[in-house]
Every structure is written in C-alpha cells, then in structure tokens.
Amino acid sequence: MARVYVSSVINAPAAKVWARVRDFNGLPNWHPGIAESRIENGEPADKVGCVRAFALRNGDRLREKLLGLSDFDMVCTYSILDSPMPLTNYVATLRLTPVTEQDRTFIEWSADFDCAPELEAELVSGVGGNVFQTGFDALNRAFGA
Amino acid sequence: MPRVVRSTIIDAPVERLWAVLRDFNGHESWHPIVAKSTIERGYPADKIGCVRRFTMQDGAELREQLLALSDLEMTFSYCLLETPIPLFNYVAHVRLLPVTDGNRSFWHWEGRFTTPAGRETELAELVGNEVYSNGIAAVRQLPDLAG
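Heads up: the sequence lines are chains A and B, in that order. When we follow our numbering, the leftmost residue of the first sequence carries the number 58, and every step to the right adds one. When we follow our numbering, the leftmost residue of the second sequence carries the number 1007, and every step to the right adds one.
For the record, the hints were derived by calculation from the structure and aren't laboratory data. Beta carbons: idealized from backbone N, C-alpha and C, even for Gly. Careful, some of the hints might be misleading.
[Stated by the list, open to error] To give an idea of the chain B side of the interface with chain A (calculated C-beta under 7 Å), a few residues:
(1) Ser1013
(2) Thr1014
(3) Phe1112
[To be verified] Estimated spans, in silico, between C-beta atoms of each pair:
(4) Thr150/A x Arg1022/B: 24 to 30 Å
(5) Glu1136/B x Ser140/A: 48 to 54 Å
(6) Glu1021/B x Pro143/A: 28 to 34 Å
(7) Ser182/A x Ala1152/B: 30 to 36 Å
[Stated by the list, open to error] If you want the footprint, here are the derived chain A segments under chain B, 3+ residues with CB under 8 Å:
(8) 70-84
(9) 88-94
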C-alpha cells in the first residue's frame, strides 16, 4: 500500500481555514486544479456518505465519497470511487490542528492507496505535489504566507 | 478537568527535534525552570515506567513517570507522581509531526489535570506558560535547532 503525506503551515487561525476547506463541494472555491463540483442526488455536502462529482481543469472527472467529517477535530476523510488514475482503495484525510503560538494552522493531507509497484513513485509525487501541495500553496496565497 | 495545549512550529527537521525531546532525562539541559534531573533506580530514560526526579530552580522537587514512548509516532506521555503544587491526575502528551513544506516540525504539548475548585485558571496558566511555553522557547534557542 502506498502512502502520501504532505503538511504545511497556514498563516490564519484554524477556524478560518476550516471554514474554507470543510465544504465537501467547495474545492473549486479554493483549489486551483478543480474546475467544477456538484454533490450527487441533491444531498447536503456535509451528509456523511454523500458523493461529489468534480472536474479538473484538464477535463478529468472524479467521484469521491465523504467517509467522515468532524467539526470538533477539524478532520475530513473521503475515498475515490472513480478516477482516471490507475489506483484502488484510495482513502485520504485532511486534518487541521491549531498552532497556539502565533495563532496559525498546521494542515496535513494524507492518502493511502494500492497501485502497481512500478507506478507508485509517480502516483505518490503526483497526488502529493499536484493535488495536496498545490492546495496548500493556494491556501497560503489566500491567507497570506 | 482543565486541558492545556501549547503548539508551535520549530524551524528544524523533525528527527532533530525528536532527538532532543525523546530524552526523558534531558530537561535539565534545556528547560529554564529545571535545575537537575535524574532517573530513579538507575533505569534507562527510555524504559517505560521509569521515574524522573526534578529539582526545580526554586528548590522544589517533583517526580514524573514515563507512561508511553514511541519513536515511530514521535510521541510520549507521562504523569505527575509528586508535586508541591496542587495538580492532581496530571497526564501530559507530547507529539511531533513533520511539516513537509519547508522541512520543519510541528510540536504539540498538552496536559489534563484536576485541581482544587477555583484554581483551574491559575494552574492552567502556570502549566501552559511556565512549563510548556517557556520550554518551547528554550528549545527553539538550542544551537542544534536554531535556524
């Protein structure tokens, strides 16, 4: 099983960062790689079990299922149902933790998945770099690094 | 039950910060309020269950017991056994996580305890400021870790 782990520090209080990222249908509002998103079957975006269908700017389409959402712990967990990437059993977690000194936010984004061994390095760097770190960079621009 | 949390970012790789913090007998070399630290009965400082005895700068003594230590997770937990101030059922947890963006470290230090009624705020500030924040500030200045 492959694992991706990327973490950063956002220069804003955790509650403000969480307000931006907790919306499971809100990726286009803050992640530059996402063009559009909708929740299937008209369900609320914070209903655990709901499915988001979204398109990347390059036209790829994905479906992801919300597995867990905690406003108390500021954690969101989801899985990939359909994607063009050659991987299976993909489960990802986005987690915020307050940095009490300077009132900033420690943000972690991690994923576990299965794939062919020869594809692992490329998939790990693609998910970690193009998806996770790109999202962090956008949050840092939005909140001021 | 008061809960005290202090967390920070240290501008050093997490392995280097962990090498400093995992030493349960190491406070005397960096914490400004600890004058002397020894492990009782000659146990190794990473033996679960070992007890450290601190002599504080003001002469007070306290004893703390190591409850858990994980080099894999970079976490440890300990409790107070004896202290001159009325902190009861005190258990603290330290955990480190890598900040991959910039090769820095996230350090989370938290404790829970009970106190005589009416002293919760005073003692929470004592633990959070005198013990945790002062300790964090001192570690930040260590030559091995200072940016």
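Tested hints:
Here the hint on Ser1013/B is kept, as its CB sits about 5 Å from the closest CB of chain A, short of 7 Å. The beta carbon of Thr1014/B is positioned within 7 Å of a beta carbon in chain A (closest approach about 4 Å), and the interface hint is therefore held. Residue-level restraint check for Phe1112/B holds (minimum Cβ-Cβ distance to chain A is 5 Å; threshold 7 Å). Under the hint 24 to 30 Å, the C-beta atoms of Thr150/A and Arg1022/B, about 26 Å apart, fit the expected range.
Checked against the given bound of 48 to 54 Å, the beta carbons of Glu1136/B and Ser140/A, roughly 51 Å apart, stay inside it. Distance hint check: the CB atoms of Glu1021/B and Pro143/A are about 33 Å apart, consistent with the given range 28 to 34 Å. At roughly 31 Å, the beta-carbon separation of Ser182/A and Ala1152/B lies within the given 30 to 36 Å, and the hint holds. Check result for the region 70-84 of chain A against chain B: violated, 0 residues qualifying (beta carbon to beta carbon below 8 Å, three or more required).
Look at the region 88-94 of chain A against chain B: 0 of its residues bring a Cβ nearer than 8 Å to a Cβ of that chain, fewer than three, so the hint is violated.
Violated hints, listed in ascending order, are 8, 9; each of the other numbered hints is respected by the structure.
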